[in-house]
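Colleague: Going line by line, the protein sequences match chains B and E. Sequence positions in the first sequence follow the working numbering and run 19 to 540. Sequence positions in the second sequence follow the working numbering and run 70 to 179.
Among these hints, one or two may not hold up.
[To be verified] Derived contacts from chain B toward chain E, CB cut-off under 8 Å, selection only:
id : residue
1  : Glu36
2  : Asp65
3  : Met98
4  : Phe104
5  : Arg133
6  : Glu155
7  : Asp157
8  : Thr245
9  : Val248
[Unchecked claim] Each computed DSS-like pair below joins lysine-lysine, with the alpha-carbon atoms no more than 25 Å apart:
id : chain 1 : residue 1 : chain 2 : residue 2
10 : E       : Lys175    : E       : Lys145
11 : B       : Lys324    : B       : Lys425
12 : E       : Lys145    : E       : Lys81
13 : B       : Lys50     : E       : Lys175
14 : B       : Lys324    : B       : Lys365
15 : E       : Lys177    : B       : Lys50
16 : B       : Lys244    : B       : Lys365
17 : E       : Lys126    : B       : Lys50
18 : E       : Lys126    : E       : Lys145
[What the hints assert, rightly or not] Partial list, derived from the structure: chain E residues whose beta carbon lies under 8 Å from chain B:
id : residue
19 : Leu89
20 : Gly95
21 : Gln96
22 : Ala99
23 : Ser100
24 : Arg124
25 : Asn128
If you are wondering where the hints come from, they were derived from the structure by calculation, not from laboratory data. Note that this is a predicted model, so its numbers are computed, not measured. Where a beta carbon is used, it is the ideal one built from N, C-alpha and C, also for glycine.
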Amino acid sequence: MKKTLNINIGNSIIYIEEDAYEMLTAYLSEVKQYFARNADNYEIVTDIENRIAEMCAEILETQQKQVIGIFDVQTIIRQMGSVSDFESSEAEALGDRPEGQQGTAYGHPYRTVRRLYRDTDQAMIAGVCAGLAHYLELDVRWVRLIALLTVFIAGSGILAYVILWIMIPRASTKTEKMTMRGVEANLKGFADSYLDPFMAESKGFLAGFFQVIGEFLNGTGRVIFKTAAVFIIVIASICLIGLFVMLFVLMGIWDADVANYFPFNIINEEYFNPLAISTFVVGAIPLLALILFSARVAFSSREVNKTLSFILLIIWLAGLAPLIVYITRISSEFKEGAEYAQTAELKNYPEYVLTVDRTRFFSREDSLSYSIDAEHYRGKRILADIDDEFKAPRNVSLWIEKSGNGKTLLVQNFRSRGKTFQAALKNVQAIRYDYQQTDSLVNFNPMVQLSKDSRWRGQEVTLTLKVPVGTMISLSWELQRYMSGNIYWDCENNPAHDGYTQLIMTEEGVRCLHERKPGNEE
Amino acid sequence: MIAENTQTQMRKGILEYCVLLIISRGQIYASDIIAELKSARLLVVEGTLYPLLTRLKNNGLLSYNWVESSSGPPRKYYILTEEGRQILGQLDATWQELSYAIETSKTKKS
Chain B
19 MKKTLNINIG
29 NSIIYIEEDA
39 YEMLTAYLSE
49 VKQYFARNAD
59 NYEIVTDIEN
69 RIAEMCAEIL
79 ETQQKQVIGI
89 FDVQTIIRQM
99 GSVSDFESSE
109 AEALGDRPEG
119 QQGTAYGHPY
129 RTVRRLYRDT
139 DQAMIAGVCA
149 GLAHYLELDV
159 RWVRLIALLT
169 VFIAGSGILA
179 YVILWIMIPR
189 ASTKTEKMTM
199 RGVEANLKGF
209 ADSYLDPFMA
219 ESKGFLAGFF
229 QVIGEFLNGT
239 GRVIFKTAAV
249 FIIVIASICL
259 IGLFVMLFVL
269 MGIWDADVAN
279 YFPFNIINEE
289 YFNPLAISTF
299 VVGAIPLLAL
309 ILFSARVAFS
319 SREVNKTLSF
329 ILLIIWLAGL
339 APLIVYITRI
349 SSEFKEGAEY
359 AQTAELKNYP
369 EYVLTVDRTR
379 FFSREDSLSY
389 SIDAEHYRGK
399 RILADIDDEF
409 KAPRNVSLWI
419 EKSGNGKTLL
429 VQNFRSRGKT
439 FQAALKNVQA
449 IRYDYQQTDS
459 LVNFNPMVQL
469 SKDSRWRGQE
479 VTLTLKVPVG
489 TMISLSWELQ
499 RYMSGNIYWD
509 CENNPAHDGY
519 TQLIMTEEGV
529 RCLHERKPGN
539 EE
Chain E
70 MIAENTQTQM
80 RKGILEYCVL
90 LIISRGQIYA
100 SDIIAELKSA
110 RLLVVEGTLY
120 PLLTRLKNNG
130 LLSYNWVESS
140 SGPPRKYYIL
150 TEEGRQILGQ
160 LDATWQELSY
170 AIETSKTKKS
């Protein structure tokens with residue numbers, strides 16, 4: 019099977035095989051070159067072209083053929099005569115130029131222009147190096163060596179190779195192969211090219227491999243591509259549905275209390291709905307665009323309407339603007355800080371056990387909001403599920419210090435941020451923090467609670483426990499997990515008090531009761 | 070080399086004369102001229118004829134008519150002009166002289 023072309027020569031339409039066409043083109047260009055200096059060149063070439071057209075028509079008719087093949091072109095050229103034949107018989111007839119100048123008319127071929135093509139016939143991978151070698155008139159081995167060396171310069175050679183692979187066209191036709199080599203695309207070139215062993219295909223093993231890969235990617239690759247596109251559509255659609263659900267949840271359609279959970283309680287209540295909508299818009303439109311684009315890839319459907327994409331862009335920007343405004347406003351509410359301290363005296367004991375109590379402490383207000391009736395509540399406890407809740411940043415820290423006056427004191431420092439100092443102070447007052455002392459057992463709440471409907475503004479509590487020298491303190495494992503502060507991870511746990519770290523207050527400060535022996539790490 | 074050169078020169082002059090002779094017999098198509106020249110063993114390749122015809126035409130010795138062809142494009146049919154006829158007469162005379170010269174040269178030598 020051969021590719022055929024449809025050419026117009028001498029005002030007739032001729033079907034011709036590709037290689038035959040190339041040969042004929044080469045012949046005609048040679049003829050044109052030869053007659054180029056002749057004043058009547060146009061007329062002569064037209065006559066020759068007409069005659070060639072006639073010969074083609076004769077061949078097709080007499081041989082009952084459809085297409086002119088390379089053999090027919092060879093016959094035509096033999097009959098018409100090559101340029102060298104013209105030279106011998108026409109040398110003087112061409113004009114009155116002296117003999118010496120005659121040679122320049124054809125004898126010296128004008129400088130041929132090499133063009134850069136990929137030489138897939140001598141390729142190792144895709145023929146980039148071989149093509150460059152032809153272009154630069156170097157031995158292909160040097161080019162390959164240089165290419166291999168550049169691979170070691172951070173792999174830049176690989177990138178360059180891929181880029182050149184994409185950019186440089188393949189020399190597929192005989193004419194292109196000859197221009198690549200700087201061989202003139204004339205009949206002599208043709209004749210030589212049939213003799214040149216390198217013109218014949220001599221593919222390296224790798225080149226064959228890459229060709230197979232290329233064919234594979236063309237077929238199977240398309241399938242993989244489409245599958246990937248469908249996959250993206252599915253994922254993006256799920257995300258889009260998720261966004262819808264989130265929007266409904268945030269707008270309090272399903273759960274009115276969502277605004278009081280951690281990441282959402284940052285947002286001012288009056289900003290909540292507009293912010294939810296604009297976040298939705300900003301998130302949903304790129305997803306929608308992704309779905310449309312993937313659909314186009316997967317099903318090769320029509321391109322997305324320009325007006326539609328423009329409208330989507332406008333809506334997206336319209337959603338982005340309030341998002342930025344609200345985020346800026348909310349961030350500005352973290353500008354100023356306020357703090358106040360509260361000191362309480364604890365009953366003196368020679369030993370304290372400090373732990374955290376996950377029991378939620380309810381105010382009267384909370385009881386109402388959670389519909390907990392104090393009467394029926396009785397001895398039941400509600401535990402805050404710290405692990406599963408949206409994790410607010412740790413906001414309670416405990417520091418143990420030496421008491422100067424022999425008394426046991428607990429200093430609570432409440433801090434918060436706000437737009438102004440007053441606002442920050444108001445936010446501090448929203449902190450509800452509790453601890454309970456039962457004899458020597460002190461229960462701390464591991465989390466700061468905020469009064470209902472107040473916003474999270476970085477509220478935190480720093481507890482400073484001041485104990486007299488000689489007081490023993492046991493820290494529970496849970497306390498160390500949920501609170502920060504000067505907690506002693508490197509103390510040896512007393513096997514008798516499992517899960518507790520025992521500390522003692524000395525003149526120099528707090529110390530482990532049992533220092534961990536070096537090399538006894540757990 | 071010298072032989073080749075002389076041969077070429079001789080052929081060239083005679084080729085022109087023969088072409089004019091063929092055309093003088095009546096209007097004729099280029100490929101028919103070629104066919105006749107080939108049968109006369111004077112022409113090897115067709116490509117040589119076209120520049121020659123064009124040159125003769127531009128020198129006013131020939132003219133041509135376009136004639137519709139049953140197959141393919143219209144064809145150029147060449148005819149001799151009056152000037153061509155005169156020149157042909159001169160060439161005839163020259164040929165007679167040359168022929169005489171050659172004959173005499175040959176016979177005298179042998």
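Colleague: Hints first: check each against the structure and report whether it holds.
Modeller: Quick rundown of the hints versus the structure:
no., hint, in the structure
1, Glu36, "23 Å, violated"
2, Asp65, "4 Å, holds"
3, Met98, "5 Å, holds"
4, Phe104, "5 Å, holds"
5, Arg133, "29 Å, violated"
6, Glu155, "34 Å, violated"
7, Asp157, "39 Å, violated"
8, Thr245, "56 Å, violated"
9, Val248, "57 Å, violated"
10, E:Lys175 - E:Lys145, "42 Å, violated"
11, B:Lys324 - B:Lys425, "77 Å, violated"
12, E:Lys145 - E:Lys81, "23 Å, holds"
13, B:Lys50 - E:Lys175, "43 Å, violated"
14, B:Lys324 - B:Lys365, "76 Å, violated"
15, E:Lys177 - B:Lys50, "48 Å, violated"
16, B:Lys244 - B:Lys365, "74 Å, violated"
17, E:Lys126 - B:Lys50, "20 Å, holds"
18, E:Lys126 - E:Lys145, "12 Å, holds"
19, Leu89, "14 Å, violated"
20, Gly95, "20 Å, violated"
21, Gln96, "16 Å, violated"
22, Ala99, "7 Å, holds"
23, Ser100, "7 Å, holds"
24, Arg124, "7 Å, holds"
25, Asn128, "11 Å, violated"
Taken one by one, the earlier hints fail for this structure at numbers 1, 5, 6, 7, 8, 9, 10, 11, 13, 14, 15, 16, 19, 20, 21, 25, listed in ascending order.
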